[in-house]
Amino acid sequence: QSSLTLQGTVDVGLAYSKGSLTSRTGLLSGGNATSKLIFRGVEDLGGGMYAMFWLESGFNADDGTGQPSNTNNQPTGATPAIGAMTFNRRSIVGLGGAWGEIHLGRDWSPSYETFISKYDPFALAVGLGINYSGGINPNQIRASNAITYLTPKFFGGFGANVQHWFGENVSGTPTSRNGTGSGVRLTYDNGPISAAASFLQTSYATGDAIYRNIAGSYDFDVARVSFNVNNDRQGQLKQSGWLVGLTVPVGVTLLKASYSTIKTEQTGEDPVGKKLALGAVYNLSKRTALYATVATIRNSGGAKYATVGVTTAPNKSSSGIDLGMRHNF
Amino acid sequence: QSSLTLQGTVDVGLAYSKGSLTSRTGLLSGGNATSKLIFRGVEDLGGGMYAMFWLESGFNADDGTGQPSNTNNQPTGATPAIGAMTFNRRSIVGLGGAWGEIHLGRDWSPSYETFISKYDPFALAVGLGINYSGGINPNQIRASNAITYLTPKFFGGFGANVQHWFGENVSGTPTSRNGTGSGVRLTYDNGPISAAASFLQTSYATGDAIYRNIAGSYDFDVARVSFNVNNDRQGQLKQSGWLVGLTVPVGVTLLKASYSTIKTEQTGEDPVGKKLALGAVYNLSKRTALYATVATIRNSGGAKYATVGVTTAPNKSSSGIDLGMRHNF
Amino acid sequence: QSSLTLQGTVDVGLAYSKGSLTSRTGLLSGGNATSKLIFRGVEDLGGGMYAMFWLESGFNADDGTGQPSNTNNQPTGATPAIGAMTFNRRSIVGLGGAWGEIHLGRDWSPSYETFISKYDPFALAVGLGINYSGGINPNQIRASNAITYLTPKFFGGFGANVQHWFGENVSGTPTSRNGTGSGVRLTYDNGPISAAASFLQTSYATGDAIYRNIAGSYDFDVARVSFNVNNDRQGQLKQSGWLVGLTVPVGVTLLKASYSTIKTEQTGEDPVGKKLALGAVYNLSKRTALYATVATIRNSGGAKYATVGVTTAPNKSSSGIDLGMRHNF
Chain H
3 QSSLTLQGTV DVGLAYSKGS LTSRTGLLSG GNATSKLIFR GVEDLGGGMY
53 AMFWLESGFN ADDGTGQPSN TNNQPTGATP AIGAMTFNRR SIVGLGGAWG
103 EIHLGRDWSP SYETFISKYD PFALAVGLGI NYSGGINPNQ IRASNAITYL
153 TPKFFGGFGA NVQHWFGENV SGTPTSRNGT GSGVRLTYDN GPISAAASFL
203 QTSYATGDAI YRNIAGSYDF DVARVSFNVN NDRQGQLKQS GWLVGLTVPV
253 GVTLLKASYS TIKTEQTGED PVGKKLALGA VYNLSKRTAL YATVATIRNS
303 GGAKYATVGV TTAPNKSSSG IDLGMRHNF
Chain X
3 QSSLTLQGTV DVGLAYSKGS LTSRTGLLSG GNATSKLIFR GVEDLGGGMY
53 AMFWLESGFN ADDGTGQPSN TNNQPTGATP AIGAMTFNRR SIVGLGGAWG
103 EIHLGRDWSP SYETFISKYD PFALAVGLGI NYSGGINPNQ IRASNAITYL
153 TPKFFGGFGA NVQHWFGENV SGTPTSRNGT GSGVRLTYDN GPISAAASFL
203 QTSYATGDAI YRNIAGSYDF DVARVSFNVN NDRQGQLKQS GWLVGLTVPV
253 GVTLLKASYS TIKTEQTGED PVGKKLALGA VYNLSKRTAL YATVATIRNS
303 GGAKYATVGV TTAPNKSSSG IDLGMRHNF
Chain L
3 QSSLTLQGTV DVGLAYSKGS LTSRTGLLSG GNATSKLIFR GVEDLGGGMY
53 AMFWLESGFN ADDGTGQPSN TNNQPTGATP AIGAMTFNRR SIVGLGGAWG
103 EIHLGRDWSP SYETFISKYD PFALAVGLGI NYSGGINPNQ IRASNAITYL
153 TPKFFGGFGA NVQHWFGENV SGTPTSRNGT GSGVRLTYDN GPISAAASFL
203 QTSYATGDAI YRNIAGSYDF DVARVSFNVN NDRQGQLKQS GWLVGLTVPV
253 GVTLLKASYS TIKTEQTGED PVGKKLALGA VYNLSKRTAL YATVATIRNS
303 GGAKYATVGV TTAPNKSSSG IDLGMRHNF
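Chains as they are written, first to last, in my numbering: chain H, 3 to 331; chain X, 3 to 331; chain L, 3 to 331.
There may be inaccurate statements among the hints.
Stated by the list, open to error - Rough simulated footprint, nothing fancy, chain X against chain H, three-plus residues with beta-carbon under 8 Å:
id, stretch
1, 11-18
2, 55-66
3, 278-290
4, 307-315
It should be emphasised that the hints constitute simulated quantities derived from the structure, not laboratory data.
Virtual Cβ for every residue (Gly too), placed ideally from N, Cα, C.
All chains should be built: construct the whole structure from the sequences, respecting the hints.
Spelled out as structure tokens, the structure:
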């Protein structure tokens, strides 16, 4: 059962965004699912063991440019955003068996699923629908230089994911441990129920960046409801947010709604953004869909969150619409 | 009939170029056809409908470096030429059927065929033989953020291609519409006859860039003759040019000749470049060929066009030779 | 027998390095074999002839970033190290037959095999085990803009490889020939015996860079012993080094040891680095292995060679350990 797979997604939509200060019309990549190219494979080693690798390169399908990565989980390691292709989304080699799976390399962090991919109806998208729920810890989605362990399912539905990543700074300086961190995720999946919690901590000389999250969903067949609650902090910098989501399948169409919030806690008034996103995904096949997303953001407390590519004044709204096509190959 | 295709071209030649000021010997990528790597696929959606994608990355096969793209069809969106791979040549997702084909993403512009790929015997090459026929509009070959529609053949041979692309600048500035434009191509293909006309207009605050072109060819079996006429302008900047081409198949060899001109209209004398290119392509198989190209350029009116990599003084000639191998996979 | 192959290596290890000044723990890509993605193919042209191409992109699997190339075999042609993917490791098109094989493009130089890949037990790795044996000539491993010829085996085991590469500078300046060079390798492979010698010379206005090397190995079945001797010079800059290697297969495990030296000849004391590397590779399959490498470096004469990512004071030691997994796909 060894295999080598070449796959990916090309997703482009026509998007209009409007803030109080500027508006913009153009194409947007990844409105339903991030555009990406994946090389991956599994080798059967016998005895229930397998080796695997996964190389995944994100790109902007509207203009053909690639996306940067980060070499050390710190701002200093950010590769420049100059349109070059990298394996920014995943670059791992691993070993699996009845005991679970271990990966080495740049990988999804334990909070990837709970933060964005599994409980948000607009999951996996980089478009208008993406939720607002805090992002202080730079490793909430991915970490480079990571060792990852995933348990198999145990006790009829439980699973765990632990990860340690290295900032790879040399010893003997105050910032030696910057960018080094760990994370853990616990999940319970059983029939219609899914629940998860994750915790991440990355060391910084200026104060550890901490991320906590819980999330869950229940699938009623006629509809799936989901939520997540996020809490982000580094020293005095504190953000928190939550999301509730709803998806309703109607024939080959999937209707989606989410309401998400983000609050930055500070002295004086707290800036707050609230976003409502509504979407419809019309599946032409298992691999191909047409979609429409509308989203509107309300700001208060001096916040000025805006939809992609535009700006809005403090406490002013912003909204947008995205009509596109997503194809998985 | 769904398919996933990995294909491309590797083309490298030994080239010698000479101008009046400098000469150079080295390898040249793409002397017969641009070196490129393509991931593309088609999915049958039933009822005559299909989904498709096409990701194409150009590269310099002589040194292994990639090529830049452009994110907004303006000079500000040019990604740096630092050797990185991008999907600079094409990055689209699309839907097709009896009604034609629609694409979203970075695509060939309507003038791609009429300007370079179909009526120039040295089409698709970036080498010595490439024609000189004006290039003021930056979208004569490709456009990012484009919506493209191609009709099916109608009335026994006619076809049309319309495209709109976005500069994606925000509203409210004098340059809001910079880089936004549209193009159209009409073609007629019937047996030995092929004819086409294209028109492009890209908005700029400094004056719209306009490109007009007509082209045609007739295949006599023993030889194919072709021409194109190009007219480029932006405000006071005006260029025009034309090309006549001839290809003669002799057994497995294809002999090629083209004569092309470019004139820049300005106050005072108009700089003019005239280029004669002769080539032979010896096909070792359907996929693999050896080729030789010689080209010479005459300058007048102060022009100083030169073959690749060298410089020549005003009104001085330049010439070159390229011996290479092209392999399609 | 035409074929198109997508293959590669993903290799990541957990590495600890220590010098007298700094130490570092992190992940390391390519500790057993360089992480890479390869697109290659062969087309049967009939009559014993074939066309071939080989595109190979190196990457850092620990963080998903790519690696730079060089466009002109000179420092000025180095593409920036910004994490972008290129075909830095190989980018060739070629033709082969009973008369040998010719390549055009960026290719392994004649000393690739003798310098690193064939006689060093830690060959092909970029990790701790990599040998120290001089590196003044920038083309000891690869050259861009190269024409390469490889003979078939002759006289029962002899082979030759000649290559010429271009710096591609224009004529008429003192540095016109910078980066242009040639190399040759002679090999003898017969049963357990392998021997090779290579010579490289690259022109520079500041003095030609010259590399000379001899290498050999004998396979006793229970063990293979190997050596290489290297001599590098450019004007007053002179380096020399040698390596002895041992590999011992024990069941599915391969034990490896190498001892290598590098000396820089200069006025006053000569800096000397000596490195001992020991390794074990446990093969889980033909494609997948777990490995461990330990290495220690002794410096004298003011040398300060150190294991990857750390620094050591002059004449101080450095050492490291790397535990990883290598998977070929």
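When I compare C-beta atoms, does the stretch 55-66 of chain H have three or more residues closer than 8 Å to chain X?
holds (count 6)
Examine the stretch 307-315 of chain H: at least three residues should have C-beta closer than 8 Å to a C-beta of chain X.
Per the Cβ count (3), the hint holds.
Are three or more residues of the stretch 11-18 of chain H within 8 Å, CB to CB, of chain X?
holds (count 5)
8 Å C-beta criterion, at least three residues: is the stretch 278-290 of chain H covered by chain X:
Our answer is that it holds, as 4 residues pass the Cβ test (under 8 Å) against chain X, meeting three.
Of the numbered hints stated above, none is contradicted by the structure.
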